[in-house]
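Below, each chain spelled out in residue letters.
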Amino acid sequence: MQTLQEVLKETPVTGHAVGVGKEMYALAEELYPLCRSITGAGTRRTLEIIKRHIPLVISKIPSGTKVFDWEVPKEWNIRDAYVLGLQGQKVIDFQKSNLHVVNYSSPVHKKMPLQELRQHIHTLPEYPDWIPYRTTYYKEDWGFCMSHRQLQGLEEGTYDVYIDSSLENGYLTFGELLVKGKQKEEVLISTHICHPSLCNDNLSGISMVTFLAKHLIERKNRYSYRFLFIPGTIGAITWLSINELKVGRIRHGLIAALLGDAGPFTYKRSRRGDAEIDQVVQYVLERNDKRNKVIDFVPYGYDERQFCSPGFDMPVGCLTRTPYGEYPEYHTSADNLEFISAHSLEGSFEVYSEIIDVLESNRKYVNLLPKCEPQLGKRGLYDTMGGNNDAHKFQLALLWVLNMSEGEHSLLDIARRSAIDFETLAEAASQLEKRELIKARGKKRDQ
Amino acid sequence: MQTLQEVLKETPVTGHAVGVGKEMYALAEELYPLCRSITGAGTRRTLEIIKRHIPLVISKIPSGTKVFDWEVPKEWNIRDAYVLGLQGQKVIDFQKSNLHVVNYSSPVHKKMPLQELRQHIHTLPEYPDWIPYRTTYYKEDWGFCMSHRQLQGLEEGTYDVYIDSSLENGYLTFGELLVKGKQKEEVLISTHICHPSLCNDNLSGISMVTFLAKHLIERKNRYSYRFLFIPGTIGAITWLSINELKVGRIRHGLIAALLGDAGPFTYKRSRRGDAEIDQVVQYVLERNDKRNKVIDFVPYGYDERQFCSPGFDMPVGCLTRTPYGEYPEYHTSADNLEFISAHSLEGSFEVYSEIIDVLESNRKYVNLLPKCEPQLGKRGLYDTMGGNNDAHKFQLALLWVLNMSEGEHSLLDIARRSAIDFETLAEAASQLEKRELIKARGKKRDQ
Amino acid sequence: MQTLQEVLKETPVTGHAVGVGKEMYALAEELYPLCRSITGAGTRRTLEIIKRHIPLVISKIPSGTKVFDWEVPKEWNIRDAYVLGLQGQKVIDFQKSNLHVVNYSSPVHKKMPLQELRQHIHTLPEYPDWIPYRTTYYKEDWGFCMSHRQLQGLEEGTYDVYIDSSLENGYLTFGELLVKGKQKEEVLISTHICHPSLCNDNLSGISMVTFLAKHLIERKNRYSYRFLFIPGTIGAITWLSINELKVGRIRHGLIAALLGDAGPFTYKRSRRGDAEIDQVVQYVLERNDKRNKVIDFVPYGYDERQFCSPGFDMPVGCLTRTPYGEYPEYHTSADNLEFISAHSLEGSFEVYSEIIDVLESNRKYVNLLPKCEPQLGKRGLYDTMGGNNDAHKFQLALLWVLNMSEGEHSLLDIARRSAIDFETLAEAASQLEKRELIKARGKKRDQ
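Residue numbers (the UniProt record's numbering), protein chains in the order written: chain A, 1 to 447; chain B, 1 to 447; chain C, 1 to 447.
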């Protein structure tokens, strides 16, 4: 298995110069050293840094709180950890990489022979220079991760093992931001924030979602947008437990992660499979790059597992670049700042923006003069000269919108049926609406 | 782009000798010189000639009548038109081809330099010997059409331009014929009559529909058949506006046009996409010629645009040979009497007849002894000897009709499912009905 | 056309040593000499032999009884038949093969020239050494069947023709066995018993169904199983006529026949096409052998014709090896004890058993904690170590069952969607049910 960067060429970026891409990359750089987990100081610090960019609301849920079938765990904090070798030298040092300690390790301080220590050490024999990433959230245990090459260099003898961590009652912390639009109906964008020094998973998601939120704050939107920065699994379960009665407002949702690598996009459909978000993402991905893929829902992966559990069954899909587990750097020290790029982050930002733009305009219309065609010529909408190819395409767009507007077909349905691009149809619909030939379904006066 | 006749071989005609084909061609020849338009004397004269073959009812709707979003335009008539050259010679002469004048041109009589005249002249640089066909129905204007070669031969200087036309209050005229059948439910066959000296578009449609009507008058039919000879667009809108409350009777419909060229057939489905007419036409076309095509509805083309507007959404498709715009002779002087043939007209007549024959027999039946098979042997319907292949096929047809007759499947559904031809199934149904083993759904005593 | 055995390789048998296969073959051997028909002593004797293996209930329906559109025919019995040649030698002898007499032949005893006799003789010129099988159930007639080679050897002259048969009021006899399960809902397995010395059609079906019944008697089942041993067509019609009000209990059904040859399986779907039995058989066949085929319902074949008549429309398919008429030995003396094998019978038994196993477990479940995932770890269902591939697969199975359990998807639906094998999902469902995380839909306490 080659590394992803060896295999794939760069995804072309369609848009403007690498501006927001650089900002996203800089945020990832700033967050990289912090030791995040599903609780604790590193995660809190991460949220505070994000808050410098967007007006995040930070919530604290006490340990022990019952959330559906689960409960909020004790808070984990770690100050230092190392293993001292035979000559007192640090053979493993948490200060060099927070991946060296199994995340959520209990405190430990004792001497032990190498043979015993080995039981607590994780390596990747296939990639002997990389440190793996391991966790033990729901089973009290401790351990170290290191490169296989380094493990092989350890001599037999007694080692001094030290983890200065704590597992105590505290809080689960998460960040949330609601950007209000004309409608109360919400679009949910959620990203997980529980991984320590790993870049694609999950700093790329954190950065992209932060700047996407910033972008939407700066403009008027039809939908309201709810952004979640939550620890994986337990964060989603906690949020859903608190907000159970409000989730009906969420009309579309995306789980954002793995957005900084060089691969094409993969969209995993919602459990419903044909939700509007599924159709919109598929449309945008297909026209942007033939290498992009759309796959069916499976009940494992990221927090779509919770949002798409049968009791919620929300229209929430998951949009990543290369899916988790499909590149060797995944969950290792090689998922570092070199593995992601400003260029790729920018491309991800653009695709998410484009999806949102289509969602915003994807209405269903009702033809107000449905019997025969209206006379477009007398309204200046019909080119009597002919010949102009763009004008011809626009006239077809007008006819398609008029013909398919009985309140059942969205503009995206019409785009798929007619093979006319969404934006031309949206412009046609806008022109027809201005002339009171069609009316958006369910649209109130101020939208 | 080659001409269609160069590209395509003749469509094979399955039927009898070229008899009705010659009659259809002769009618096209007779109508060819007339200068038709959406209103006026040429169109009225056309209807009168058709009336010699079938008892057409001719309606006159006054200019200014409101028809949905439109109004009936002023009547256009033209007596003569020409352009005189520097030596007084006619460089363009309406008497030689009525295509020379842009259809619906306002009257004009003045001298002008070539430079000004050019603004009003249309040619086809790609086909320098052909005269294009242009119209200006809904914008007052005037113009001439000519071959590009002739335009290039005009010298600079002053030309005397003359169009002796009139645009005055008058009538929109159309022809209609209802051939009553056993049922009040109607099959609509509509063709446009507004094109001047152009043969495939639309004399082929006019001729074929005339003789199809004549054919149906001469026999007993299950359905009633309504034939429309109307100017394109405004004619359909006018007819629908007048008959809004009656269109519910129309169970199946076809727009007939472009039926004289040598190409295979193309059927454009109704907006519904799966109406019975769509299924029947597809079935007949598929088995007649592999080159025939069936395409989805698009909201431009001929009068299916109006019949399939969302406020009507009628089960009306469009059956042509080579579709409009897909052959270079389309809307040019090359769409002349040599472009169409008696042979092709006859083939079109046969396909339309076959479609009607299938429609007439395509019933749904109810099995009157639905529990287990009835004993066919004691009714003389089961060949106890075996061996005869046709007898075997007929017995399968009996079993298929019995098994699928719970009132939901038409004979065409059974034909598709069983791969037994429609006619054998119709004969099987007839035999079973005679023996009171099945009953046609919704059939009254006298049908 | 080659014989089937020349063309096909043996179907691989997945299971244990040839044990039940030998028993099934032995039963076929014992039944082979009997002259069965749709009524009469041979058929009664057959049922009595089956009764030695399973507690069959034998029913007798009098001749003349009205059964839907039919009536039970006179009982046919035959003691002897022959044709004496010119020197008094037996040129045809019923004692050598009961196929020599057309089944249901009326009694006859007279001398006649070869020319007249020929009118009553059936041969197979294509397979000159084989005797064909012919019947004349519903038309009083008589005849002989012989090899074409032997017919060609007959000299001109007078022959003495003798058939000692009787057609008298009597009974139609059939066997039935209900193996009660936890539920009253039934699975129907029906086989025809009316063919004389022919092995694949129908001794293979009789043997396989007998031992399948024996197998199910010996264990606890969820469903009740109803086994029918009936003469073809008239037997099914008679049984349905008597049991019309009870057929609603039958949830799944299979017609069993042609199960001893070496070919792969062909399943003909029920008329419904997507009944649970159709899905289950397709699933089992697809994973057992790529050569297996599934075809749509057609209204001829075996007794599915009656069970799937529109007035019943039962979920009954037909599962054979090589379909009737698709091998040359079909309905000839070459369908003998060498044409079938213990090996093939055993393979058929295993496929039927596997289908029943899937049916028995194919429930729909309701997730009792549908909001977010339940915490599997605290219930010992989540492998915290990772790495074990089987453990991983099982965890995916748990997640799939939880996610798809809203009462609408069967385990088979989940198997198809997830590509996880049915048995793993059934085990996952069982584990989840034990821990009260899911509940089978419609399951009562004692099931």
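To be clear, the hints were calculated from the coordinates, so they are not data collected in a lab. Keep in mind that a hint or two might mislead.
The list treats identical chains as interchangeable, and a pair is accepted whether it falls inside one copy or across any two copies.
Straight-line distance between alpha carbons at most 30 Å, and here's what the computed DSBU-like set of lysine-lysine pairs gives [to be verified]:
1) Lys393 to Lys246
2) Lys22 to Lys180
3) Lys51 to Lys180
4) Lys293 to Lys393
5) Lys51 to Lys434
6) Lys182 to Lys66
7) Lys220 to Lys182
Computed from a predicted model, the values in this text were never measured in an experiment.
Practice problem: Have a look at Lys51 and Lys434 and pick one of within, between, both or neither, based on CA distance no larger than 30 Å. | Solution: neither (40 Å within a copy, 47 Å between copies)
Practice problem: Using 30 Å as the alpha carbon limit, work out where Lys51 and Lys180 are close: within a copy, between copies, both or neither. | Solution: Within one copy, since 18 Å is at most 30 Å while 68 Å is not.
Exercise. Classify it for me, Lys22 with Lys180: is the Cα-Cα distance of at most 30 Å met within a copy, between copies, both or neither?
Key: within (27 Å within a copy, 73 Å between copies)
Quiz item: From the Cα coordinates, with 30 Å as the cut-off, is the pair Lys293 and Lys393 best called within, between, both, or neither?
Solution: Answer is both: 29 Å inside a copy and 24 Å across each meet the 30 Å cutoff.
Practice problem: Tell me, please, which holds for Lys182 and Lys66 at an alpha-carbon limit of 30 Å: within, between, both or neither? | Solution: Result: close neither inside a copy nor across copies, 35 Å intra and 40 Å inter.
Quiz prompt | Intra- versus inter-subunit Cα pairing at 30 Å for Lys393 with Lys246 | solution = Neither. Shortest intra-copy (43 Å) and inter-copy (35 Å) distances fail the 30 Å Cα cut-off.
Exercise. Please work out whether the CA atoms of Lys220 and Lys182 approach to 30 Å or closer within one copy, between two copies, in both situations, or in neither?
Key: Intra 8 Å, inter 63 Å, cutoff 30 Å: intra-copy only.
Hints 1, 5, 6 from the list above are not met by this structure, while the remaining hints are.
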